[in-house]
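K.L.:
Spelled out, the chains give:
Number of protein chains: 2
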Amino acid sequence: MINKDKGDHKYLLISGNIEQQIMSRVLKIGDKLPSVRMLSDQHEISVSTALQAYYHLEGKGLIESRPQSGYYVRFDPSRSPRKVEKSMPHQEIKTKEVETIIGEVYDDFVSPDVVRFSLSVPAPEILPLARLNKAMMQALRDLPANGTQYEQVQGNGLLRRQVARWSLEWGGHLQPDDIVTTAGCMNAIAYCLMAITKPGDTIAVESPVYFGTLRFARSIGLNVLELPTDPDTGVDPDDVKRALRNHNIKACFFVTNFSNPLGYCMPDEQKEAMVRLLSQHGVPLIEDDLYGDVYFGRSRPRSCKSFDEEGNVLWCSSISKTLAPGYRVGWVAPGKYLKQVKHLKLYHSITSPTAQQEAIASFLATGRYEHHLRKLRQTLHANSLRFIQAIGEYFPPGIKMSDPKGGFILWVELDKHIDTYQLYREAMQHKISIAPGAMFSLHDRYQNCLRLSYGMQWTPQVDRALRKLGELIRNYE
Amino acid sequence: MINKDKGDHKYLLISGNIEQQIMSRVLKIGDKLPSVRMLSDQHEISVSTALQAYYHLEGKGLIESRPQSGYYVRFDPSRSPRKVEKSMPHQEIKTKEVETIIGEVYDDFVSPDVVRFSLSVPAPEILPLARLNKAMMQALRDLPANGTQYEQVQGNGLLRRQVARWSLEWGGHLQPDDIVTTAGCMNAIAYCLMAITKPGDTIAVESPVYFGTLRFARSIGLNVLELPTDPDTGVDPDDVKRALRNHNIKACFFVTNFSNPLGYCMPDEQKEAMVRLLSQHGVPLIEDDLYGDVYFGRSRPRSCKSFDEEGNVLWCSSISKTLAPGYRVGWVAPGKYLKQVKHLKLYHSITSPTAQQEAIASFLATGRYEHHLRKLRQTLHANSLRFIQAIGEYFPPGIKMSDPKGGFILWVELDKHIDTYQLYREAMQHKISIAPGAMFSLHDRYQNCLRLSYGMQWTPQVDRALRKLGELIRNYE
Chain A
1 MINKDKGDHK
11 YLLISGNIEQ
21 QIMSRVLKIG
31 DKLPSVRMLS
41 DQHEISVSTA
51 LQAYYHLEGK
61 GLIESRPQSG
71 YYVRFDPSRS
81 PRKVEKSMPH
91 QEIKTKEVET
101 IIGEVYDDFV
111 SPDVVRFSLS
121 VPAPEILPLA
131 RLNKAMMQAL
141 RDLPANGTQY
151 EQVQGNGLLR
161 RQVARWSLEW
171 GGHLQPDDIV
181 TTAGCMNAIA
191 YCLMAITKPG
201 DTIAVESPVY
211 FGTLRFARSI
221 GLNVLELPTD
231 PDTGVDPDDV
241 KRALRNHNIK
251 ACFFVTNFSN
261 PLGYCMPDEQ
271 KEAMVRLLSQ
281 HGVPLIEDDL
291 YGDVYFGRSR
301 PRSCKSFDEE
311 GNVLWCSSIS
321 KTLAPGYRVG
331 WVAPGKYLKQ
341 VKHLKLYHSI
351 TSPTAQQEAI
361 ASFLATGRYE
371 HHLRKLRQTL
381 HANSLRFIQA
391 IGEYFPPGIK
401 MSDPKGGFIL
411 WVELDKHIDT
421 YQLYREAMQH
431 KISIAPGAMF
441 SLHDRYQNCL
451 RLSYGMQWTP
461 QVDRALRKLG
471 ELIRNYE
Chain B
1 MINKDKGDHK
11 YLLISGNIEQ
21 QIMSRVLKIG
31 DKLPSVRMLS
41 DQHEISVSTA
51 LQAYYHLEGK
61 GLIESRPQSG
71 YYVRFDPSRS
81 PRKVEKSMPH
91 QEIKTKEVET
101 IIGEVYDDFV
111 SPDVVRFSLS
121 VPAPEILPLA
131 RLNKAMMQAL
141 RDLPANGTQY
151 EQVQGNGLLR
161 RQVARWSLEW
171 GGHLQPDDIV
181 TTAGCMNAIA
191 YCLMAITKPG
201 DTIAVESPVY
211 FGTLRFARSI
221 GLNVLELPTD
231 PDTGVDPDDV
241 KRALRNHNIK
251 ACFFVTNFSN
261 PLGYCMPDEQ
271 KEAMVRLLSQ
281 HGVPLIEDDL
291 YGDVYFGRSR
301 PRSCKSFDEE
311 GNVLWCSSIS
321 KTLAPGYRVG
331 WVAPGKYLKQ
341 VKHLKLYHSI
351 TSPTAQQEAI
361 ASFLATGRYE
371 HHLRKLRQTL
381 HANSLRFIQA
391 IGEYFPPGIK
401 MSDPKGGFIL
411 WVELDKHIDT
421 YQLYREAMQH
431 KISIAPGAMF
441 SLHDRYQNCL
451 RLSYGMQWTP
461 QVDRALRKLG
471 ELIRNYE
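For the protein sequence lines, the chains are A and B, in the order given. By full-length UniProt numbering, the letter at position 51 of the first sequence is numbered 51, and the numbering carries on one by one without gaps. By full-length UniProt numbering, the letter at position 432 of the second sequence is numbered 432, and the numbering carries on one by one without gaps.
Misleading hints may appear alongside valid ones.
Which copy? The list can't say, so a pair holds if one copy fits it or any two copies do.
The calculated DSBU-like cross-link candidates involving lysine-lysine, where the alpha carbons are at most 30 Å apart (straight line), are [said to hold, decoys possible]:
#, residue 1, residue 2
1, K336, K198
2, K241, K405
3, K339, K198
4, K198, K250
5, K431, K400
6, K250, K86
7, K431, K342
8, K342, K250
9, K342, K198
10, K28, K134
11, K431, K405
12, K339, K431
13, K375, K405
14, K400, K86
15, K375, K342
16, K134, K400
17, K416, K431
Honestly, the hints are just simulated from the structure, not real lab data. None of these values were measured; they are calculated from a predicted model.
Please model the entire structure based on the sequences and the hints provided.
P.N.:
Structure follows, in structure tokens:
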């Protein structure tokens with residue numbers, strides 16, 4: 001393992017235990033926690049480690065210190081909304097074109113002054129801009145001819161080496177030659193779909209599903225079968241088996257870790273079963289694993305690719321969710337479809353800009369990535385809890401919500417009669433952008449749902465925006 | 001006009017006249033030219049302007065100075081090989097798959113130590129690397145969040161403004177909102193073809209034709225009709241008219257200025273007639289104009305787009321042939337297909353990396369591009385003449401060759417029984433790479449042709465490589 005997360009630090013162990021007690025309501029809101037000295041005695045740790053554990057919990061918004069008094073629980077999981085249930089998509093015809101909605105919400109994502117809960121990329125204030133910039137300048141100096149010449153079609157060699165090395169983290173064993181770099185993860189998914197399908201084919205996806213995949217699939221004439229999806233564990237192999245019996249499915253697409261938008265993380269056994277099943281049927285799996293590095297637990301979840309022995313999994317990822325969406329650096333390990341994917345890249349754009357890839361490679365190589373991830377995970381975990389509490393407080397009591405263990409996306413289900421596309425338009429009047437649920441299906445579903453990103457710095461402005469959103473939703477009642 | 005080429009400088013006028021006399025053999029090899037003083041008297045110019053005219057011609061390899069004696073003609077156009085004739089492609093089946101050949105020649109273009117006559121991009125030694133690097137660093141500093149965030153789908157605003165401004169040079173009148181930036185010109189062509197065709201459609205192209213377009217067209221299931229093409233003027237509207245009568249053509253693709261590989265430049269009247277004809281038939285024209293800035297004459301040729309009043313021309317270009325192929329910066333003005341092209345870009349890769357676009361925009365804005373182009377044109381013009389002379393000297397007498405007035409590509413036709421794919425393999429033994437003619441058609445044609453790029457610094461090594469290539473060709477006789 002490289003740059004292994006220092007998850008075995010004592011303070012993390014102890015704060016993890018306390019967090020669990022808060023979440024299971026053993027410790028309730030308002031409860032006083034042991035004094036720092038007491039904690040240090042109980043666990044045979046130094047006072048400073050005990051303090052560190054409390055600071056960590058405070059940073060996440062789970063506890064608070066009161067002057068002259070000590071630490072108190074401030075988080076109440078019962079105030080979190082109920083969890084969403086397993087989706088059961090029907091295949092009815094959609095009344096409003098999904099592309100129209102996506103177009104309106106997404107085609108311009110650079111207008112200023114909008115609180116952008118709609119965009120599933122990290123805001124600049126939580127990114128290591130100065131270090132990235134330094135890495136870019138170094139890359140420009142280091143590259144042959146300063147990056148002005150074509151690089152290999154397969155992509156920057158340093159980056160492919162680092163991605164291969166890093167694959168150990170999720171149980172992979174990739175070689176640099178297994179990997180093709182792409183212009184971000186969407187570009188990787190696009191090449192994979194083009195490599196393994198032809199117009200008129202059917203693919204099976206989770207539901208709700210990342211709209212980028214939906215609209216790309218439509219643009220190349222694919223039919224899309226949306227599968228029932230559990231908000232904790234994702235798609236059940238039994239449901240896939242049924243679908244394979246009834247439909248001529250040419251490929252599956254799943255975001256296996258902290259999926260967009262449901263936030264589920266498929267358990268290891270389920271991943272393994274899924275890989276085995278699809279392999280038996282000769283149906284390739286496009287695995288979108290671009291949130292996998294942003295876990296809130298103790299270690300990175302595995303990927304389906306790590307169980308793939310036959311090259312049947314096309315594993316896609318990028319640094320768009322962790323470092324720099326604008327760099328457009330992604331990659332794919334396409335298994336036995338390597339040649340086709342490489343050719344598609346060559347046909348569509350010859351090569352990729354090399355400087356950004358070189359800069360990211362050096363980030364991965366030197367430990368700067370792991371260093372940044374540790375901080376990012378903590379920020380996002382804390383954000384997720386703050387968002388959940390705020391939504392519990394500001395939104396109407398009847399709503400349901402996802403409970404992601406990583407990533408930075410929440411899925412919220414409102415009362416059935418509320419149309420979140422309408423809500424989106426109202427919210428935009430107040431410079432608040434949300435992603436309406438209808439974007440995440442080709443069928444008439446999720447009109448009462450919305451996706452919220454918490455990939456930003458928590459500020460009073462964000463708090464106010466959530467409160468305003470709650471107000472707008474309550475107006476429907 | 002911006003940064004207008006100082007083509008009205010007196011020394012250029014005079015050297016241009018002398019060049020014409022050499023080319024028309026009024027002045028023959030070995031002829032003594034007037035002394036500098038005499039030239040200055042004849043034309044009522046200063047001695048230094050007269051000297052400048054001779055330096056200019058010397059730089060091009062057309063004349064030479066002999067110590068204590070003066071200037072002499074050293075170029076003989078009669079030693080240039082005969083010109084290739086108009087292509088008459090038949091539509092017979094090809095025996096060897098074009099993709100196999102392309103794959104072998106092109107899939108790896110980074111092996112070191114090869115004299116790369118095969119690659120139609122400028123070598124780093126004739127590019128302004130230091131200035132580009134500086135522009136990149138500045139761009140990273142100037143961009144919001146240092147270029148880490150998504151930019152507008154349509155592309156960097158500064159770059160689109162500069163491309164629009166620059167369009168005046170070729171008779172265009174584009175607005176920034178008419179333009180979508182892309183990952184190089186091939187990427188622009190790819191989006192255009194996807195926007196206006198569907199699998200099974202037929203497109204008409206010049207012949208021989210840029211292989212990138214051929215293989216992309218095949219990859220999306222298009223049929224390709226190859227049209228007769230004149231090496232000086234390109235495709236004749238009458239031939240297009242005939243093709244439109246006999247085939248259901250959905251789009252045309254032409255490289256109108258200094259085409260790749262024939263090198264023709266379509267005359268203005270022909271461009272205008274072509275645009276009118278295709279507009280009447282409602283058949284869109286994809287115009288690839290990426291060599292247009294590298295003209296050897298007095299001004300930039302116009303584009304078909306400049307005659308387009310109905311948005312029927314999708315004009316594609318890039319800086320890959322003039323500044324930095326590795327930056328992957330290109331663009332397209334897709335006329336009435338703007339929305340479709342923009343959506344395709346969004347679907348395939350969301351946005352482009354922004355730093356390279358910003359750097360190129362500043363190059364265009366500040367006159368550094370025009371400054372570089374002046375030098376580049378002179379280098380390439382001189383190279384073209386040196387290559388033509390060397391080929392005339394080293395290659396067998398029977399060969400034919402193109403006579404480009406811009407760009408950096410020569411098309412050479414050898415004796416009918418010579419297979420240039422075989423020649424390619426032999427040349428590679430000597431670390432010389434050429435592009436075999438068979439790559440430029442889907443049919444059994446051009447097996448005895450090859451494409452040579454002269455986009456590099458002329459060196460003894462280049463001279464030796466051409467001599468060796470000549471030897472290998474003579475071995476076939």
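K.L.:
It remains to establish, for every hint, whether it holds in the given structure.
P.N.:
Going down the list of hints, with the structure as the test:
1. For the homomeric pair K336 and K198, the shortest alpha-carbon distances inside one copy (17 Å) and between copies (27 Å) are both at most 30 Å.
2. Only within a single protomer do K241 and K405 lie at most 30 Å apart by alpha-carbon distance; the minimum there is 27 Å, versus 63 Å between protomers.
3. Within a single copy, K339 and K198 get their C-alpha atoms as close as 17 Å, and across copies as close as 24 Å, so both meet the 30 Å cut-off.
4. When the C-alpha separation of K198 and K250 is checked against a cutoff of 30 Å, the pair qualifies both within a copy, at 9 Å, and between copies, at 21 Å.
5. Proximity of K431 to K400 under the C-alpha cut-off of 30 Å is restricted to the intra-copy arrangement: shortest distance 24 Å within a copy versus 66 Å between copies.
6. Proximity of K250 and K86 under a CA criterion of 30 Å is satisfied intra-copy only: 24 Å inside one chain copy versus 46 Å between copies.
7. Proximity of K431 and K342 under a CA criterion of 30 Å is satisfied inter-copy only: 25 Å between copies versus 42 Å inside one chain copy.
8. Within a single copy, K342 and K250 get their C-alpha atoms as close as 20 Å, and across copies as close as 28 Å, so both meet the 30 Å cut-off.
9. For the identical chains of this complex, K342 and K198 are neighbours both inside a copy (17 Å) and across copies (23 Å), given an alpha-carbon limit of 30 Å.
10. Proximity of K28 and K134 under a CA criterion of 30 Å is satisfied in neither setting, with 46 Å inside one chain copy and 58 Å between copies.
11. In this homomeric assembly, K431 and K405 come within 30 Å of each other (Cα to Cα) only inside a single copy, at 29 Å, whereas the closest approach across copies is 55 Å.
12. In this assembly of identical chains, K339 and K431 lie within 30 Å of each other by CA distance solely across copies; the values are 26 Å between and 46 Å within a copy.
13. Proximity of K375 to K405 under the C-alpha cut-off of 30 Å is restricted to the intra-copy arrangement: shortest distance 16 Å within a copy versus 58 Å between copies.
14. For the identical chains of this complex, K400 and K86 are intra-copy neighbours only, at 12 Å inside a copy versus 71 Å across copies, given an alpha-carbon limit of 30 Å.
15. Neither within a single protomer nor between protomers do K375 and K342 lie at most 30 Å apart by alpha-carbon distance, with minima of 35 Å and 36 Å respectively.
16. For a Cα distance limit of 30 Å, the shortest separation of K134 from K400 qualifies neither inside one copy, at 43 Å, nor across copies, at 52 Å.
17. Only within a single protomer do K416 and K431 lie at most 30 Å apart by alpha-carbon distance; the minimum there is 25 Å, versus 70 Å between protomers.
Violated hints for the displayed structure, listed by number in ascending order: 10, 15 and 16.
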